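S.K.: Sequence:
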Amino acid sequence: MEYSIERTEPGVAIIRLKGRIIGEYQLVNIRDEVEELVETDCIHLIFDLSELEFMNSSGLSFFLKVLTLVRGKDGEVVLVALNRLLDDLMVTTKLNSFFLIEPGIDDAMEYLKQSGVI
1 MEYSIERTEP
11 GVAIIRLKGR
21 IIGEYQLVNI
31 RDEVEELVET
41 DCIHLIFDLS
51 ELEFMNSSGL
61 SFFLKVLTLV
71 RGKDGEVVLV
81 ALNRLLDDLM
91 VTTKLNSFFL
101 IEPGIDDAME
111 YLKQSGVI
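The letter at position 8 of the sequence shown is residue 8 when you use the numbering used here, and the numbering goes up by one with no holes.
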């Protein structure tokens with residue numbers, strides 16, 4: 001799995017994931033970087049999953065940990081551009097009721113602006 005992080009608006013970062021999440025070992029670096037973002041008051045995270053092909057329970061666990069961390073700072077996590085497999089996974093696990101899911105980055109940014117968080 002590959003990823004990139006781009007800070008956009010103050011307090012907002014877009015994190016793009018690419019490939020497959022199949023093990024906890026793949027998430028060590030990104031977890032550390034996300035924790036650093038949140039510690040520096042970048043508490044609204046948009047995860048662009050348009051190039052993420054697959055994830056298993058390791059990926060779900062990662063997103064739940066990020067959500068807990070971010071919401072503890074009154075932030076928001078938005079997942080965007082989920083493929084059919086990832087969308088089905090979120091529905092099956094009922095995690096779609098915990099995460100905000102938007103079709104694209106622009107939609108996520110608009111949501112954050114309308115919510116008054118940015």
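Think of the hints as simulated: they come from the structure by calculation, not from any bench.
Warning: the hint list may mix true and false statements.
[To be verified] Once the Cα atoms are required to be at most 20 Å apart in a straight line, the calculated DMTMM-like pairs of lysine to aspartate or glutamate come out as: (1) Lys73 to Glu24; (2) Lys94 to Asp32; (3) Lys18 to Glu2; (4) Lys65 to Asp32; (5) Lys113 to Asp41; (6) Lys18 to Asp41; (7) Lys65 to Glu35; (8) Lys94 to Glu2; (9) Lys113 to Glu6; (10) Lys113 to Asp74; (11) Lys113 to Glu102; (12) Lys18 to Glu39; (13) Lys65 to Asp107; (14) Lys73 to Glu2; (15) Lys18 to Asp74; (16) Lys94 to Glu6; (17) Lys65 to Asp41; (18) Lys65 to Glu9; (19) Lys18 to Glu6; (20) Lys113 to Glu24; (21) Lys73 to Glu36; (22) Lys65 to Glu24; (23) Lys65 to Asp87; (24) Lys73 to Asp41.
[As the list claims (entries may be wrong)] DEER-style ranges, computed between Cβ atoms: (25) Pro103 to Ser61: 35 to 45 Å; (26) Asn83 to Asp41: 14 to 24 Å; (27) Gly72 to Ile118: 11 to 21 Å; (28) Ile5 to Asp107: 17 to 27 Å.
This one's a predicted model, so the numbers in the text were calculated from it and none came from an experiment.
Note that beta-carbon positions come from the ideal geometry of N, C-alpha and C, so glycine has one too.
S.K.: Checking one constraint from the list: CA of Lys65 to CA of Glu24, max 20 Å. Satisfied?
M.R.: 12 Å, holds
S.K.: Do the alpha carbons of Lys73 and Asp41 lie within 20 Å of each other, as the hint requires?
M.R.: Between Lys73 and Asp41 the Cα gap is close to 8 Å, so the pair holds against 20 Å.
S.K.: Keeping to a limit of 20 Å between CA atoms, is the pair of Lys65 and Asp87 held or broken?
M.R.: 19 Å, holds
S.K.: Taking only the CA atoms, is the gap from Lys94 to Glu6 under or equal to 20 Å?
M.R.: 29 Å, violated
S.K.: Are Lys113 and Glu6 close enough, with their CA atoms no more than 20 Å apart?
M.R.: Holds, at roughly 18 Å.
S.K.: For a C-alpha distance cap of 20 Å, please report whether Lys65 and Glu9 respect it.
M.R.: 23 Å, violated
S.K.: Check the following: the C-beta atoms of Asn83 and Asp41 are separated by a distance inside 14 to 24 Å.
M.R.: 31 Å, violated
S.K.: Quick one, are Lys94 and Glu2 close enough, alpha carbons at most 20 Å?
M.R.: 26 Å, violated
S.K.: Hey, Lys94 versus Asp32, does the alpha-carbon distance stay inside 20 Å?
M.R.: 26 Å, violated
S.K.: Is the hinted pair Lys73 and Glu24 satisfied, with a Cα-Cα distance of at most 20 Å?
M.R.: 24 Å, violated
S.K.: Would you mind confirming whether the straight-line C-alpha gap from Lys113 to Asp41 stays at or under 20 Å?
M.R.: Status holds; Cα separation ~17 Å.
S.K.: The hint says 17 to 27 Å between Ile5 and Asp107; measuring C-beta to C-beta, is that right?
M.R.: 20 Å, holds
Figure legend: structure checked against the earlier numbered hints; hints not met, in rising order: 1, 2, 6, 8, 12, 13, 14, 15, 16, 18, 20, 25 and 26.
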